[in-house]
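J.: Residue numbers (my numbering), protein chains in the order written: chain L, 1 to 115; chain R, 1001 to 1115.
Check the hints yourself; a few may be wrong.
[To be verified] List of simulated lysine-lysine pairs, DSBU-like, C-alpha gap at most 35 angstroms: (1) K1061/R with K38/L; (2) K1049/R with K9/L; (3) K38/L with K53/L; (4) K1069/R with K9/L; (5) K1069/R with K38/L; (6) K40/L with K1049/R; (7) K19/L with K40/L; (8) K38/L with K1071/R; (9) K22/L with K1061/R; (10) K1058/R with K41/L; (11) K22/L with K1049/R; (12) K1069/R with K1058/R; (13) K40/L with K1061/R; (14) K53/L with K9/L; (15) K40/L with K1058/R; (16) K22/L with K1069/R.
Everything labelled a hint here was simulated from the structure, so no lab data went into it. Bear in mind that the values here come from a model prediction, so they are computed numbers and not experimental data.
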Amino acid sequence: DTEVTQTPKHLVMGMTNKKSLKCEQHMGHRAMYWYKQKAKKPPELMFVYSYEKLSINESVPSRFSPECPNSSLLNLHLHALQPEDSALYLCASSQVFPSEANVLTFGAGSRLTVL
Amino acid sequence: AQSVSQHNHHVILSEAASLELGCNYSYGGTVNLFWYVQYPGQHLQLLLKYFSGDPLVKGIKGFEAEFIKSKFSFNLRKPSVQWSDTAEYFCAVIPDQTGANNLFFGTGTRLTVIP
């Protein structure tokens, strides 16, 4: 299995809702990532987990709460979001240390719309 | 601030024309360099990567890139584009200072190929 699977593909939520995005990989990767991509913009790194521990938080507002319950799963919990948080949220995975054989594998993304 | 720059925001070419997309980075020290492509509505896909060795790197679909360390550049080239190359192209960098596999993207270049 060489895929990163993200669910749901599309999510519409109100500003008072609580929802979660899910990401799963079975490649044995021990690093997992959340990126945010606005329309016609590059992906921006949000969070990095290494060995199931949060290693990078790129100054993301607390209304986004990541969770890595095990080495295969990565969640992004959403609460009290703003309309400007509407974007494509990309999950990726890799081994922890960079090498030629070890590049990030990206999922197809979850498209979030906040009303 | 450290960054990855792509100066061409939108490039329009006719089929069979040659392509060169610019990428410059401002990270010091050793870097690992990548080009990703995002076709409309699809995953980010890796085109090619540079870690060390021959600075001229060949990737998939006839793309190649040249690492010029003195110019902090990693430009993408293709001798003859096809309509199917229409996509968004992202240069990306892993700064080696952290020892981690954290990928940072450039601003992206939209390529439109006219049949």
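J.: Each hint needs a verdict: does it hold in this structure or not?
T.: Each hint tested on the structure:
no. : hint                 : result
1   : K1061/R with K38/L   : 27 angstroms, holds
2   : K1049/R with K9/L    : 28 angstroms, holds
3   : K38/L with K53/L     : 26 angstroms, holds
4   : K1069/R with K9/L    : 40 angstroms, violated
5   : K1069/R with K38/L   : 31 angstroms, holds
6   : K40/L with K1049/R   : 23 angstroms, holds
7   : K19/L with K40/L     : 25 angstroms, holds
8   : K38/L with K1071/R   : 30 angstroms, holds
9   : K22/L with K1061/R   : 32 angstroms, holds
10  : K1058/R with K41/L   : 26 angstroms, holds
11  : K22/L with K1049/R   : 28 angstroms, holds
12  : K1069/R with K1058/R : 17 angstroms, holds
13  : K40/L with K1061/R   : 23 angstroms, holds
14  : K53/L with K9/L      : 26 angstroms, holds
15  : K40/L with K1058/R   : 27 angstroms, holds
16  : K22/L with K1069/R   : 39 angstroms, violated
Checked against the numbered hints above, the structure violates hints 4, 16; every other hint is satisfied.
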